[in-house]
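Use these hints to put chains B and C onto chain A, whose structure you have.
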Amino acid sequence: MTANKTTAAKTNAGNFFEDFRIGQVFEHATPRTITVGDVALYHGLYGARFAVQSAEPFAQAIGYPRAPVDDLMVFHVVFGKSVPDISLNAIANLGYAECRFLAPVYPGDTLTAASEVVGLRENSNRKSGVVYVRTTGRKTGGEDVLQFVRWVMVRKREPAAPPPEPVIPQLVGRVDPAHLAQHLPRLDLSRYVYPLAGSPHRWGDYAVGERIDHAEAMTLEEAEHQIATRLYQNTARVHFNQHAQAQGPLKRRLVYGGIVLSLARALSFNGLANAFHIAAINGGRHVAPTFAGDTLYAWSEVLEAAEIELRQDIGALRTRLVAVKNRSSAEFPHKTPQGEDADGVVLDLDLWLILPR
Amino acid sequence: MTANKTTAAKTNAGNFFEDFRIGQVFEHATPRTITVGDVALYHGLYGARFAVQSAEPFAQAIGYPRAPVDDLMVFHVVFGKSVPDISLNAIANLGYAECRFLAPVYPGDTLTAASEVVGLRENSNRKSGVVYVRTTGRKTGGEDVLQFVRWVMVRKREPAAPPPEPVIPQLVGRVDPAHLAQHLPRLDLSRYVYPLAGSPHRWGDYAVGERIDHAEAMTLEEAEHQIATRLYQNTARVHFNQHAQAQGPLKRRLVYGGIVLSLARALSFNGLANAFHIAAINGGRHVAPTFAGDTLYAWSEVLEAAEIELRQDIGALRTRLVAVKNRSSAEFPHKTPQGEDADGVVLDLDLWLILPR
Amino acid sequence: MTANKTTAAKTNAGNFFEDFRIGQVFEHATPRTITVGDVALYHGLYGARFAVQSAEPFAQAIGYPRAPVDDLMVFHVVFGKSVPDISLNAIANLGYAECRFLAPVYPGDTLTAASEVVGLRENSNRKSGVVYVRTTGRKTGGEDVLQFVRWVMVRKREPAAPPPEPVIPQLVGRVDPAHLAQHLPRLDLSRYVYPLAGSPHRWGDYAVGERIDHAEAMTLEEAEHQIATRLYQNTARVHFNQHAQAQGPLKRRLVYGGIVLSLARALSFNGLANAFHIAAINGGRHVAPTFAGDTLYAWSEVLEAAEIELRQDIGALRTRLVAVKNRSSAEFPHKTPQGEDADGVVLDLDLWLILPR
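Sequences listed follow chains A, B and C, in order.
Just so you know, the first sequence maps onto residues 38 to 394 in this note's numbering.
Just so you know, the second sequence maps onto residues 38 to 394 in this note's numbering.
Just so you know, the third sequence maps onto residues 38 to 394 in this note's numbering.
All the given hints hold, so there is nothing to weed out.
Same chains, same names: a pair is fine if it fits in one copy or spans any two.
The calculated SDA-like cross-link candidates involving lysine to any residue, where the alpha carbons are at most 25 Å apart (straight line), are:
no.	residue 1	residue 2
1	Lys372	Leu291
2	Lys193	Ser165
3	Lys288	Ala329
4	Lys288	Phe328
5	Lys372	Gly320
6	Lys372	Thr48
7	Lys164	Gln284
8	Lys372	Leu340
9	Lys193	Glu368
10	Lys164	Glu55
11	Lys193	Ala367
12	Lys288	Gly381
13	Lys193	Ser365
14	Lys288	Glu368
15	Lys288	Asp380
16	Lys372	Gly294
No lab work stands behind these hints, which were simulated from the structure alone.
Same shape as in the complex, but just chain A:
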């Protein structure tokens, strides 16, 4: 038998645009048990300092059974599982929306993921198309822990292949805050120790329009983003294969966007130390690529404050989290006077954060 034949038979070359169908469901491979080892690596890779995720007694005192793992680690692990089926042949990750965190994940929980194709649109060049998937993460026992929609531009195997009926899903730009974080334990605020958490500022202390410079910064190394991205079992070759990247337009390995998310979130501790939980990501855009050697800064703006139904203990803050590279965040770089993304902006995220009231 020929090499190509046998290779085709066993090697997963990923799906191409014409392989996707509306309603198609992928049960993604490799369930993953999250452990305190992953939590330690998460601290080492990003420097997270939120007390609820950092200390068992702090989490237990306020009502958690134990310290939950960082919300974005759950996001990365679930996202990573979807890569071999959805985006191995992706040209670009275009965006995500309607990301909701549905249950806390604890060390010992095992995560699995599935994705449903909810939109398809071929590009006018006939060479590629946009695939929209709704990805759901589940933990042992089947409880949903995370759901989000993302859309990616995927190559066609055969440009001549007929285009599908275009379907573009209706996505809300803002998750309704009323039903956020219903899965969180009821917090006993009398036992939430603000000095240990790192700040006295609660939900009510933030004003809409307020901007916060997170001041600190992190320079990213190749080994750091590779270790993190492998930890999530994300196999997208642009992150790992310098030999191939050197022959492409970027010349370098591209940092997985989730690394920028997690670094910006960790930096946001300085100014939002009590925002202990991300309840939802309304939308996110990776405005520009990040490479090893880049130094990331971050700032936040408070967009909205919302109460949560039946919860007197916590409130939601909608914030814009912006990460910039190789320039200070002190002047809050965001848009040019022409409304374009300002120089150095790499991430523009719209979040619902949960804080004690």
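For chains B and C alone, kept in the frame of chain A given last:
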């Protein structure tokens, strides 16, 4: 007292060729308890995706008491312990053979190692000799978990020292498959979920002669191989000391060969996702050195398929696993028409893999 | 509201010299539960090989409830917590003294830290001053695990601010050995297996004046020191922000001094394998900065041997531990004939080590 005297008294300078005797046994230092922390690092350093090692419920469903640690992590930890006694003054690791995995290792198990000298042969230049050792790894309770023979070229302290009677051990080039993997729990295949494992292909789906391009690749960084090699408490200075290496012929730190093994094994998931266990390494050669910055690809060839006595649940596949650097594995680079190792080949391994039937 | 106003309101810009008062106490943020994940990373980052910290059965056999975490990991975690309150605006860490380890820390323990200002002295240039703090680390239940004094040079916000009454604490240069390590379990030496520990040399085998070349060396990478320093939640920007450092005098990121401590301690295994516990640090100086790419060697000199009250099982050795960069430690580089620090010396530490008798 003089510095040299006291240094000699306390510092381990390693053994030289004339220090070894046939039948000599070394109980190696530093027992090591393997934990979920090591497992997380193993994922982060190599991107392993085999479901049995990645998820407790998957392993338990098919009959394991819990998820075992990756076979090669056990190999690296046991190998690492032998370095201070056997190969601190090694010029080169020449090869290994008869490597058999004898029992699963779980987080919480503590590994120790011992080596017996089974062969000695002075080189004609009188400056060095080849030492053959049989190294055995044991876990808490004394059960053997791993055994292999390796041979290394070791410097002599005094070229004038008399040569030993040459003894060259008889090594089989192929471990008998009939007795492989007898230590594995009996698998309940009805509960082995192929989509979660990442491939539908079982033992019977592979044909002798079939070649599989594992397609993906990894570029290796200094920090990655150093962290991994330290994790195994391997102290060989060529991996860590740039100041000394810069003065030698290589000019660079040499990557521990076990890193290449583990990366090639992790890459082989794409094409061999159900090969959840390495039962034996018939032989292995590090054909060329690997350095930070190299990008590793891998491919496999099926050499033989064998049934295992008394086991209807699993079968053994003998495969050649080849790792190449800085060139694609799509054309299966291996030998030149003259029968020499092809350009870019760094590892040529002969394995017995276990798959569900 | 203006950006600056809101930023000032929420962002921690750190304390300046005139913000400190004698007797002021800081309860530092972010309690941290230490896990086997942190232990695995500690092994991977430094290559520690001391049997008591490496293997549960070894520790339990001699009387520990379980394997304790490395003493210096406890030091780094406690030190890291103090950074946002004490040294975010530090120009330099000038030294530490009276560091005593007061109780073993085990995986699962949660560490908190507090610091009291015990000294203040403005510099003659009126632009900065020296702040002395006594920092105490505690574990779950409130037991003290570590206490040390450190002094740092901190910027003034307003050079015009009036100087405080100078207070300089009296610090002993040598912790009294009689009361060291009283918290350690009584060791059953009949079960301390010297070959597994890596050396036959006990407390009584070391002579005052004896010098030991630890022979091995480690080249340090940016990713390694950043991962380690983040793991300890140390936020000092000089370690992480290449964009800012490139504009300063060093041009590079500065390696957190604790990394050099831990690497030198790990290297000291070769020659001091049975020095399983650091009981105290009498004093320490970071003689010169360390950067990624530097290769660290280490040597030790035995300064003093002391018995410990009521303990026949263990004895204390006072040693000087010297780390040098980019030159061999074989000739024990320390001081010039003029009494200055010798070329390449980066760390000069005065320790009390505990060994079996």
